[in-house]
Amino acid sequence: MIEAHGLTKRYGDKTAVDDITFTIAPGSGTGFLGPNGAGKSTTMRMIMGLDRPTSGTVTVNGKPYAQHRAPLSEVGALLDAKAVHTGRSARSHLRTMAATHNVPASRVDEVIEMTGLATVAGKRVGGFSLGMGQRLGIASAMLGDPRTLILDEPVNGLDPEGVQWVRRLVRSLADEGRTVFLSSHLMSEMAQTADQLLVIGRGRIIAAGRVQEVIDSVSGAAVRVRTPRAAELAELVRGDDVVVTSPEPGTLEVRGIDAARVGDIACGSGIALHELSPRSASLEEAYMSLTQDAVEYRSTTTSPAAPKGANR
Amino acid sequence: MTTTVAVATAVPAHEARPAVLARPTFLGILRGEWIKLLSLRSTWWTLAATVLLMTGVSLAVAASLDTVAADPATGPGLAALTGAEVVSGGFQLGMLTIAVLGALLMTGEFSTGMIRSTLAAVPTRTPVLAAKAIAVAAVTAAVVALGTAVSYTVTMPLLAPHGMVPALDELRTWQVFGGTLYFLVAAALFSLGVGTLLRSSAGAITVALTVLLLLPSFLVFVTLDWVETAVEYLPLPASGAFLGGGEDSLSAVGDGLTPATGLLVVAAYAVVPLVAGAAALRRRDA
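For the record, the sequence lines run as chains X and C.
Taking numbering that gives the first Met the number 0, I'd label the letters of the first sequence as residues 0 to 311.
Taking numbering that gives the first Met the number 0, I'd label the letters of the second sequence as residues 0 to 285.
Hints listed in this document are in silico derivations from the structure and should not be mistaken for laboratory results.
Don't be surprised by glycine CBs; every beta carbon is placed ideally from N, CA and C.
Don't take every hint at face value.
Per label pair, the in silico range of CB-to-CB distance [as the list claims (entries may be wrong)]:
(1) X:R170 to C:I133: 30 to 36 Å
(2) C:P71 to X:S88: 56 to 62 Å
(3) X:E2 to C:G202: 36 to 42 Å
(4) X:G156 to C:L37: 29 to 35 Å
(5) X:R68 to C:L223: 53 to 59 Å
(6) C:G202 to X:R278: 36 to 42 Å
(7) X:T56 to C:R283: 30 to 36 Å
(8) C:I133 to X:T56: 50 to 56 Å
Below, a list of computed lysine to aspartate or glutamate pairs in the EDC-like style, where the Cα atoms sit at most 20 Å apart [said to hold, decoys possible]:
(9) X:K62 to X:E73
(10) X:K62 to X:D79
(11) X:K81 to X:E2
(12) X:K62 to X:E2
(13) X:K81 to C:D224
(14) X:K13 to C:D284
Computed footprint of chain C on chain X; a stretch qualifies when at least three of its residues, placed anywhere within it, have a C-beta under 8 Å from a C-beta of chain C [what the hints assert, rightly or not]:
(15) 99-112
(16) 163-169
(17) 177-184
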């Protein structure tokens, strides 16, 4: 369980995280989704007590992280793949971490085995690929067998086999009743790995809920209609809760009623339909629509001249 | 008839049996820092360089004793030089490598990002610095003891003809050896403290070496009274108060201080940056 209340982090006059409040429930994988620079890593560092919030609080299982008696058994974190001294071997790195908590050497071997690092454990981390670095980061996160896992971009740099492995790991950890909080800037990745989503843009939470709920909430389903009498049909279906747009002549997109209702109305007036298809928004569309708003919001406040969609 | 189907209930692993029953302890943190220090190749290079520099300088001084004694200009000054000072003569160069070791111990973590792993494991933070200080002090003491022992052994044949082999039953000998060790441990802690404050390897090493070596070297040429007084309170000159270096050594500048004051001044250089570093480490974002 991770709870944040009014969490804010400002660096000078730049607000990285802007008054966010959320709860991450145990027993599920929660995806923290947002474009680069949205505040994901900053939020995660604040959860881990590495960065001090400008205001607000964040607790893990009821207490600030630093106040737990056995921090590594409470929360395991992959904050960035290379939070490791490059001159040390993977095994030495894990041994230094394990030593602080009196974690037995057998557990170090266990996490090395678990993450598939056995063959490279004696090699210096400086020569590791990004993917191996990720595995080492996950190995250190697992050292204390923690109740909560915080993984910042865990699939970044992994090969397809590694991505599959992370998905299964997240799934099995969540099924064991643990809290798994993982970030990504890829909506498609989150949809396959997480149960819940927390979408952040420009330091603010812009959507939260189950993956499908978030997608639905963004655009809702639309019905695409092609008919020679488009203008006529548009007048007939248009209502208080029904929005009709015409992306091209002879084609309508209707939001607010389902395909069956549109078909009934058309039939009642004898309007021939050439196409009648329900369209649900794709993950990427939902994400773009969510984050573009956030980008737009920022662009207009900080630099009015910036073109729509500009990152900063 | 009823059929009992055995359903394998998935028992949440961590609730049934924690794979790890772990608590952080200061001893554990110390062990972690010890592993950190010894698992880096740079540590071993630095330590080897320290022993080599200490031995090399003492050997060079000992080898030049014949020439110094023969020269009427320097010959009389030789009487003021003790064998113990010859043996410990390399400590100023050893100071350089030890200072680098002390600084890198902390700045290496910031430059690689390791600090985030470290502070995630020990979120109370201060014990990390304390453990680092103990680890680097121990390793410095060991390497200076080794360097002194090696220097003593290799210079013995050269010192013997001059009757200068340090007498191991004399208090004065142990004052010099012990004082050298004390000073180098302080130098290591000083640069660890500076490294904790500055976080950057280049910055910390520059500041540490400036204070330890460059300032006393250059400021001796300034004859303003207040500068001369200030120089006495720099670490290397202050060490002269208890090491009693020869007239031409940098340590001699600190003759104005009593040995006790010298010890305290050197201790202050070790302690003040560490305390300030601890405060900074606790307060600042990692």
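Do the hints match the structure? See the list:
In this structure the supplied range 30 to 36 Å is violated for R170 (chain X) paired with I133 (chain C), their Cβ-Cβ distance being about 43 Å. Remark: the range hint 56 to 62 Å for P71 (chain C) to S88 (chain X) is upheld by a beta-carbon distance near 59 Å. In this structure, E2 (chain X) and G202 (chain C) meet the distance hint of 36 to 42 Å, their C-beta atoms being roughly 39 Å apart. The hinted window of 29 to 35 Å between G156 (chain X) and L37 (chain C) holds, with their beta carbons roughly 30 Å apart.
A hinted range of 53 to 59 Å holds for the C-beta pair R68 (chain X) and L223 (chain C), which are about 57 Å apart. Hint check: G202 (chain C) to R278 (chain X), Cβ distance near 58 Å, so the stated range 36 to 42 Å is violated. Checking the proposed 30 to 36 Å range against T56 (chain X) and R283 (chain C) shows it is violated: the Cβ atoms sit about 19 Å from each other. A hinted range of 50 to 56 Å is violated for the C-beta pair I133 (chain C) and T56 (chain X), which are about 34 Å apart.
Proximity of K62 (chain X) to E73 (chain X) is assessed by CA-CA distance (about 10 Å); at most 20 Å being required, the pair is judged to hold. A threshold of 20 Å between alpha carbons decides the hint, and for K62 (chain X) with D79 (chain X) the separation of about 23 Å lies outside it, so the pair is violated. Pair hint K81 (chain X) plus E2 (chain X) does not hold up; C-alpha atoms about 27 Å apart against a cutoff of 20 Å. Between K62 (chain X) and E2 (chain X), the direct Cα distance comes to roughly 9 Å. Compliance with the 20 Å bound is thereby established for this hinted pair.
Annotation: proposed proximity of K81 (chain X) to D224 (chain C) is violated, straight-line Cα distance about 52 Å (limit 20 Å). For the proposed pair K13 (chain X) and D284 (chain C), the alpha carbon gap of about 16 Å is at most 20 Å, so the pair holds. Three residues within the 8 Å Cβ limit are the bar, and the region 99-112 of chain X against chain C gives 7, so the coverage statement holds. Counting residues of the region 163-169 of chain X whose C-beta sits closer than 8 Å to any C-beta of chain C gives 0, which falls short of three, so the coverage hint is violated.
Counting residues of the region 177-184 of chain X whose C-beta sits closer than 8 Å to any C-beta of chain C gives 1, which falls short of three, so the coverage hint is violated.
Checked against the numbered hints listed earlier, the structure breaks hints 1, 6, 7, 8, 10, 11, 13, 16, 17; every other hint is satisfied.
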